[in-house]
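Undergrad: So the chains spell out like this:
There are 2 protein chains.
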Amino acid sequence: MADKGSTQRVVIIGAGFAGIEVARGLGKAGVPVTLIDRQNYHLFQPLLYQVATAALSPGDIAEPIRKMLRRYRSVEVVLGDITGIDREARTVALADGTMIAYDWLVLATGSMHSYFGHDDWSVSAPGLKTIEDARRIRSRLLLAFEEAEMSRDPAEQKRLMTIAVIGGGPTGVELAGSIAELARYTLAKDFHRIHAEATTVLLLEAGDRILNAFPASLAAYAQRKLERLGVTVRVRAAVERVTDRSILLAGEEIGVGFTIWAAGVSASGLGRLLGVPTDRAGRIAVNGDLSVPQLQNTYVLGDLAVCKDEHGNPLPGLAQVAKQEGQYLGRALARRIREGLSPPPFRFRNRGNTAIIGRHAAVFDFGWWQLRGWIAWVFWALIHVYLLSGFEHRLLVAVQWLWRYLTYERGARLIVEQPKRESG
Amino acid sequence: MADKGSTQRVVIIGAGFAGIEVARGLGKAGVPVTLIDRQNYHLFQPLLYQVATAALSPGDIAEPIRKMLRRYRSVEVVLGDITGIDREARTVALADGTMIAYDWLVLATGSMHSYFGHDDWSVSAPGLKTIEDARRIRSRLLLAFEEAEMSRDPAEQKRLMTIAVIGGGPTGVELAGSIAELARYTLAKDFHRIHAEATTVLLLEAGDRILNAFPASLAAYAQRKLERLGVTVRVRAAVERVTDRSILLAGEEIGVGFTIWAAGVSASGLGRLLGVPTDRAGRIAVNGDLSVPQLQNTYVLGDLAVCKDEHGNPLPGLAQVAKQEGQYLGRALARRIREGLSPPPFRFRNRGNTAIIGRHAAVFDFGWWQLRGWIAWVFWALIHVYLLSGFEHRLLVAVQWLWRYLTYERGARLIVEQPKRESG
Chain A
0 MADKGSTQRV VIIGAGFAGI EVARGLGKAG VPVTLIDRQN YHLFQPLLYQ
50 VATAALSPGD IAEPIRKMLR RYRSVEVVLG DITGIDREAR TVALADGTMI
100 AYDWLVLATG SMHSYFGHDD WSVSAPGLKT IEDARRIRSR LLLAFEEAEM
150 SRDPAEQKRL MTIAVIGGGP TGVELAGSIA ELARYTLAKD FHRIHAEATT
200 VLLLEAGDRI LNAFPASLAA YAQRKLERLG VTVRVRAAVE RVTDRSILLA
250 GEEIGVGFTI WAAGVSASGL GRLLGVPTDR AGRIAVNGDL SVPQLQNTYV
300 LGDLAVCKDE HGNPLPGLAQ VAKQEGQYLG RALARRIREG LSPPPFRFRN
350 RGNTAIIGRH AAVFDFGWWQ LRGWIAWVFW ALIHVYLLSG FEHRLLVAVQ
400 WLWRYLTYER GARLIVEQPK RESG
Chain B
0 MADKGSTQRV VIIGAGFAGI EVARGLGKAG VPVTLIDRQN YHLFQPLLYQ
50 VATAALSPGD IAEPIRKMLR RYRSVEVVLG DITGIDREAR TVALADGTMI
100 AYDWLVLATG SMHSYFGHDD WSVSAPGLKT IEDARRIRSR LLLAFEEAEM
150 SRDPAEQKRL MTIAVIGGGP TGVELAGSIA ELARYTLAKD FHRIHAEATT
200 VLLLEAGDRI LNAFPASLAA YAQRKLERLG VTVRVRAAVE RVTDRSILLA
250 GEEIGVGFTI WAAGVSASGL GRLLGVPTDR AGRIAVNGDL SVPQLQNTYV
300 LGDLAVCKDE HGNPLPGLAQ VAKQEGQYLG RALARRIREG LSPPPFRFRN
350 RGNTAIIGRH AAVFDFGWWQ LRGWIAWVFW ALIHVYLLSG FEHRLLVAVQ
400 WLWRYLTYER GARLIVEQPK RESG
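Protein chains in written order, with numbering that gives the first Met the number 0: chain A, 0 to 423; chain B, 0 to 423.
Treat the hints with care, since some could be wrong.
[As the list claims (entries may be wrong)] Taking lysine-lysine pairs in the BS3-like style, the calculated list, with each CA pair at most 30 angstroms apart, reads:
1. B:K188 with A:K27
2. A:K188 with B:K322
3. A:K188 with B:K27
4. B:K188 with A:K322
Read the hints as simulated data drawn from the structure, not as lab findings.
Okay, chain A solo, but in the shape it has when bound (with noise of 0.2 angstroms):
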């Protein structure tokens, strides 16, 4: 361990992907952390479109932030909600009143849905961030096909069997993709009256293609596949109005009988906290050691920050940016008060971007280099069973999705927070 003499606190604030890294630097080196989440759990966001599709529980894409960090004795843990941050005493509230006082602080509280004004959508088209998220999207969904059973008019069965998905980026194609197979070969046998395989899944992204971010290959490879399972891709298909029951297409409106918003997202609000001006999207300009500018021993990171690359591009909202910022930030902030070393600044390395369409089909870009089709898809098994934390997340999940493909049923399918029905 190192000198244990320092009384400089680093109170870092939100345990994703990069907050979590922050404090395991900073704790090998045997910094004081202070760790702040409002949750007491770190989530394995990659995943969570499959608890949302009933593929997997969400105790298997959630670790305890104490049992990630239970080696390093000086950090300390904290679950709590900001209230403010006080840059001139340099102490940050929580809602309950107690007070934390830092010496240097870093923001790593990442995203939210944003609805681009429409904020009234969300009750109708929830999003996917957090595990109460998936637990209700996946509630909602499986209610459709109950109620859908139930019904004895065909047309409104038709309207119940209609799911909508928002926006064409990895998530929307991820949850497109396994709604469509979770209809088509596990929900097919549950039902008796109805025919869940003729299940109408709508991808509607508002740009000329899905997967934007993408190769323009890849992209059209997934439209292929997604249809292939039944999926229906709408491009240039700007959503007007979102409903409970229908959603309004280029002045046409269709009859839904779920509708997920994948479209947008946010920087946390917390951003605002800190006073310093935010782009549109509610995020900070950082400097390249992820230092705020004009701030003092303040570092925002992750999706809250807008960093550039050597080519003076903005990084992607991923999740492989923000762990490596959180390990380039836990290593620099370490030299930085142990040794008062100013670091050069973060260089991300690109390790693939990916997204999963289904059973056999996956695309990954490298930007030297593509793969996609069977190859990438149990290449993206191997990656995101081996990047959960925790063995017994990586073998129990191993073990699902083995199960998975053996025999197409999903294990978690739970109705478990019953949003009011409509009657009928």
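Given chain A, put chain B in place with the hints provided.
TA: Quick look at chain B alone, frame taken from chain A:
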């Protein structure tokens, strides 16, 4: 398959151990069945305490009802809340206005908590019957430790780290043992400031001893084992008042972090809809063939029924009783409907009454034979894995138990529904 011409429909309300078996028996015979439940899953309640104590995920012990009954084409599954039973018209009304006609009615809606006239205690001391209950208990339990870690007041820490379990039956014993192990083996490593291994778990029983349905020698063994785990067992301890922060016991106020109610159950309120007399616990006395006296074509079974054995003693409210009753009624009703035959009365075969205390410690009572200790514990685990519905659940639970046995870890330590926390 048997005669398809029958138009006699059996409506079963409740998909617990009893209801699901009736549906299976009738489904095998091709009798038209409508099975109604307010959940879309069948819950394996004997392991619910493991969800409440962060050892398993809800999805591990819940199986979709549709999946369990999917092979029986004559069985229809309906998700709905019953609001009325019209005995004259032979219809059941659902909350969404649907009316379902029956020729034969089977009621198997089980039991819920009873606070013996102190329903206001339910907020401070939740009981354990549903997945929502288990999730709530898990969150409140883990939150008590989070708050203790934040507190700077030793008295307050001691209060928060005192967990009371009211009721010394199998559920109370299993909860107390599991909480003591969670604190001592798992949480003790997670928290740096508090000493979670010093947690006080109070097991409070109003009667003369715990496990009063078991022989005294097994109860004494269980108490010794619990005490070795650090559980404080108090018998003849009738709780006089319960609040969020304390319990009153023989005039003594004991500060607690959280209280769990495992003291009493009463039959589900649905029995009253039948309009027949019930006992004090809301149960309906049934004939030897599980039919309801004075009612035609109506059967009640499981925890909702009082069925007497050949010596005139009422059968206990156990999963194995409900399951055997369901198996009996499924066969008997199929024969009655198909062939007009009156079946011989139901006879219960005791498969062994069991409770688990903790690692290497469980008790079995087979009536003529008792078993305890390490062998009983292995036996308990094997039986419960075997009884779970579905190979995937068996595999996942077995893997998690093995993992927990080897590492003392519990994967599902999620605080997901945060109740309002007291400030400070």
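Undergrad: The structure should be examined with respect to each hint, and the outcome stated for every one.
TA: Cross-check of the supplied hints:
no.	hint	result
1	B:K188 with A:K27	holds (18 angstroms)
2	A:K188 with B:K322	holds (26 angstroms)
3	A:K188 with B:K27	holds (18 angstroms)
4	B:K188 with A:K322	holds (25 angstroms)
In this structure, none of the earlier numbered hints is contradicted; all agree with it.
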